[in-house]
Amino acid sequence: MKSHRVWLLGNDIDTDVLAPGAFMKGSIEELSKHCLEAIEPGFAEKVKTGDVIVAGQNFGAGSSREQAALVLKLLGIEAIIAQSFGGIFFRNAFNIALPLFTVKSIQGISAGDQLTIDIETSQILNQNTGQKVIAETLPVHLVSIVRSGGLIPHLQNRLAQQQKHHPQ
Amino acid sequence: MSRPSTLSEKIIARAAGLESVRPGDVVTCQVDLAMMHDSGGPRRVAPVLEKLNVGVWDPDRVVVVSDHYVPAVDAESAKILDGVRTWCRSHKIENFHDMQGICHIVLQEHSYLKPGMFVVGGDSHSPTGGAVGCFMFGVGATDMAAVLATGETWLQVPETLGVRWHGQLGLGVCAKDMMLKACAVLGVGGATNRVVEFVGPTIESLPHVERMTLCNMTAELGAQTGIISPDQITAKYLRSIGTVFDELTDWRSDPDATFDEILEFDASDLQPLVAVPHSPANTTPVNNIDTTKVHQAYIGACTGAKLNDLHMAAAVLHGHRVAKGVRLLLAPASVQVTSTATADGTLGTLLDAGAILMPSGCGACAGYGAGVLTDGEVCISSTARNFRGRMGSVSSKVYLASPYTVAAAAIAGHITDPRPFLETATL
Ligand code: SF4
Numbered sequence: 001m002k003s004h005r006v007w008l009l010g011n012d013i014d015t016d017v018l019a020p021g022a023f024m025k026g027s028i029e030e031l032s033k034h035c036l037e038a039i040e041p042g043f044a045e046k047v048k049t050g051d052v053i054v055a056g057q058n059f060g061a062g063s064s065r066e067q068a069a070l071v072l073k074l075l076g077i078e079a080i081i082a083q084s085f086g087g088i089f090f091r092n093a094f095n096i097a098l099p100l101f102t103v104k105s106i107q108g109i110s111a112g113d114q115l116t117i118d119i120e121t122s123q124i125l126n127q128n129t130g131q132k133v134i135a136e137t138l139p140v141h142l143v144s145i146v147r148s149g150g151l152i153p154h155l156q157n158r159l160a161q162q163q164k165h166h167p168q
Numbered sequence: 001m002s003r004p005s006t007l008s009e010k011i012i013a014r015a016a017g018l019e020s021v022r023p024g025d026v027v028t029c030q031v032d033l034a035m036m037h038d039s040g041g042p043r044r045v046a047p048v049l050e051k052l053n054v055g056v057w058d059p060d061r062v063v064v065v066s067d068h069y070v071p072a073v074d075a076e077s078a079k080i081l082d083g084v085r086t087w088c089r090s091h092k093i094e095n096f097h098d099m100q101g102i103c104h105i106v107l108q109e110h111s112y113l114k115p116g117m118f119v120v121g122g123d124s125h126s127p128t129g130g131a132v133g134c135f136m137f138g139v140g141a142t143d144m145a146a147v148l149a150t151g152e153t154w155l156q157v158p159e160t161l162g163v164r165w166h167g168q169l170g171l172g173v174c175a176k177d178m179m180l181k182a183c184a185v186l187g188v189g190g191a192t193n194r195v196v197e198f199v200g201p202t203i204e205s206l207p208h209v210e211r212m213t214l215c216n217m218t219a220e221l222g223a224q225t226g227i228i229s230p231d232q233i234t235a236k237y238l239r240s241i242g243t244v245f246d247e248l249t250d251w252r253s254d255p256d257a258t259f260d261e262i263l264e265f266d267a268s269d270l271q272p273l274v275a276v277p278h279s280p281a282n283t284t285p286v287n288n289i290d291t292t293k294v295h296q297a298y299i300g301a302c303t304g305a306k307l308n309d310l311h312m313a314a315a316v317l318h319g320h321r322v323a324k325g326v327r328l329l330l331a332p333a334s335v336q337v338t339s340t341a342t343a344d345g346t347l348g349t350l351l352d353a354g355a356i357l358m359p360s361g362c363g364a365c366a367g368y369g370a371g372v373l374t375d376g377e378v379c380i381s382s383t384a385r386n387f388r389g390r391m392g393s394v395s396s397k398v399y400l401a402s403p404y405t406v407a408a409a410a411i412a413g414h415i416t417d418p419r420p421f422l423e424t425a426t427l
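If you read the protein sequences in the order shown, they are chains A and B.
Be aware that the first sequence starts at 1, since it is given in my numbering, and climbs by one per residue.
Be aware that the second sequence starts at 1, since it is given in my numbering, and climbs by one per residue.
Don't read these hints as lab results, they were simulated from the structure.
All figures in this text were calculated on a predicted structure; none of them were measured in a lab.
Glycine included, every Cβ here is placed at the ideal spot set by N, Cα and C.
Misleading hints may appear alongside valid ones.
DSS-like, lysine-lysine: derived pairs with alpha carbons at most 27 Å apart [unchecked claim]:
(1) B:51 <-> B:79
(2) B:324 <-> B:236
(3) A:2 <-> A:25
(4) A:25 <-> B:293
(5) A:164 <-> A:132
(6) B:236 <-> B:293
(7) A:33 <-> A:104
(8) B:397 <-> B:293
(9) B:293 <-> B:324
(10) A:48 <-> A:33
(11) A:25 <-> B:92
(12) A:46 <-> A:33
(13) A:164 <-> A:104
(14) A:33 <-> A:132
(15) A:33 <-> B:79
(16) A:2 <-> A:164
(17) A:73 <-> A:164
(18) A:48 <-> A:25
(19) B:51 <-> A:164
(20) A:25 <-> B:51
(21) B:92 <-> A:73
(22) A:48 <-> A:164
(23) A:25 <-> B:324
(24) B:397 <-> A:33
According to the in silico footprint, chain B covers these stretches of chain A (three or more CB under 8 Å from chain B) [what the hints assert, rightly or not]:
(25) 26-33
(26) 98-108
(27) 112-126
Computed far set for chain A versus chain B, every beta-carbon distance over 10 Å [as the list claims (entries may be wrong)]:
(28) 2
(29) 6
(30) 15
(31) 38
(32) 48
(33) 50
(34) 65
(35) 84
(36) 92
(37) 130
(38) 132
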């Protein structure tokens with residue numbers, strides 16, 4: 001199983017630090033360069049494909065801007081593990097096939113640790129410490145959205161099915 | 001007999017075509033209305049609809065408002081606004097409000113909302129619609145595109161958190177202070193995955209516009225949405241704007257409905273509050289920080305620039321001048337608010353005091369438009385969020401307060417209790 005390097009962040013990481021308003025007019029590529037710069041300078045340059053974020057409570061609080069999830073996906077973040085998530089961010093992330101895992105505690109996980117994540121069982125294993133954490137089980141329809149590659153491919157499949165059953 | 005339900009559960013069940021629903025159920029709901037704006041709207045959903053090769057399920061059920069990038073300040077924002085106009089034309093969206101004000105306010109002013117509706121909005125302050133007794137919540141662009149394509153959306157039925165207020169609000173305190181208090185008690189995210197239903201005697205006598213402020217800021221609690229049972233005050237408001245609606249009696253929580261929790265608050269001992277940087281939950285009584293100097297005072301946003309909010313600011317500013325070295329920016333929430341405030345003399349009072357009139361729109365609230373802050377500047381603001389860097393530079397500081405308190409700071413040049421200004425005003 002692939003292992004993922006950890007970026008450790010605090011509580012209440014809001015959508016304005018993920019996708020700052022001043023750069024919302026431009027392209028998503030430009031916006032992504034400013035992701036988290038207010039609290040984690042240099043994040044956009046240092047993050048690598050396959051990395052994961054581990055954070056405290058209320059990750060993604062605030063605005064409905066989907067770009068907050070999109071920039072993380074674009075920068076290569078493969079999953080986010082946190083104690084809780086902003087409600088709109090939660091939907092947005094799954095809709096673009098960025099899976100989120102809710103855990104009771106993030107104690108014992110340090111920045112730079114390597115984790116493996118099993119989406120099927122929601123089991124997270126810390127390679128550095130051997131610690132195992134089980135995240136909350138995901139609702140079935142969210143898992144199926146992620147498996148399809150996001151809400152849009154998921155809808156495409158559904159629309160195609162409908163076509164099959166009710167050809168015009 | 002269906003099981004006893006909260007107001008939200010009744011609306012969700014109706015939209016899902018079910019007898020009743022329980023918290024935790026995942027249901028598919030038919031959407032009565034979808035609202036989106038220039039930032040998260042057409043420019044983000046159009047590519048998705050093209051990919052799906054579908055149009056808008058029902059153009060009459062879609063409302064589009066340009067408010068985030070208005071008026072255009074550069075070629076990029078002009079292009080975004082032009083794109084909205086073109087998209088609305090080609091998709092036959094008649095319900096398009098171009099630069100008429102902030103979406104949550106325009107939606108109510110133009111009679112789109114009626115009690116019991118199930119509504120999605122492409123903006124996090126969509127819970128504002130709860131003041132009319134709608135179940136209205138915010139979604140991102142992909143969710144919105146799916147709604148536009150199919151007319152439906154999924155929802156995990158939230159628990160209902162009752163926020164009960166009793167007692168009478170004192171002079172110089174208002175709905176904004178009530179929400180800063182709720183943020184302090186619950187914390188940002190304290191109502192995540194729950195709907196906040198406001199109940200109790202204080203709520204029952206609160207004007208409709210103030211109820212909008214309560215529901216609006218449930219976004220700061222992380223709530224799925226906020227809602228208030230429609231009553232005679234709602235009916236009067238709806239009639240005053242010419243909305244035709246059915247009987248209200250159905251749209252209330254059953255007496256034996258299950259609330260997840262009920263929190264009790266006393267309005268009579270509520271003081272003017274201020275949320276210090278960088279969270280709406282960092283709340284403290286105004287007198288604890290009353291020497292904090294401000295460079296800018298901002299009366300704006302869907303949260304704090306409705307007609308009532310302007311009345312509050314004017315009550316404090318009447319006969320005073322904005323302090324030297326302070327700029328008071330005033331961006332009424334809609335052109336209709338500007339026009340009514342002009343007619344009733346409120347705007348004159350504010351301008352005489354030295355307020356600088358700005359266009360109706362999101363403007364400085366989200367750092368998208370005019371009025372942003374530079375390094376180290378301090379702003380006291382009637383908006384809903386003071387996240388780091390939201391209104392400009394990451395080293396700027398935003399203090400959130402009621403329109404009364406923002407106006408008082410503009411006069412004094414530093415944060416101060418607004419009540420003495422009101423006491424002299426009533427003499
Ligand atoms: S005024 Fe501010 S809070 Fe309201 S919709 Fe606009 S950006 Fe959002």
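>> Hints numbered earlier in the text: which of these fail when held up against the supplied structure?
In response: As far as the earlier hints go, 2, 3, 4, 5, 6, 7, 13, 14, 16, 17, 21, 22, 23, 25, 26, 27, 30, 31, 34, 35, 36 are violated by this structure, in ascending order.
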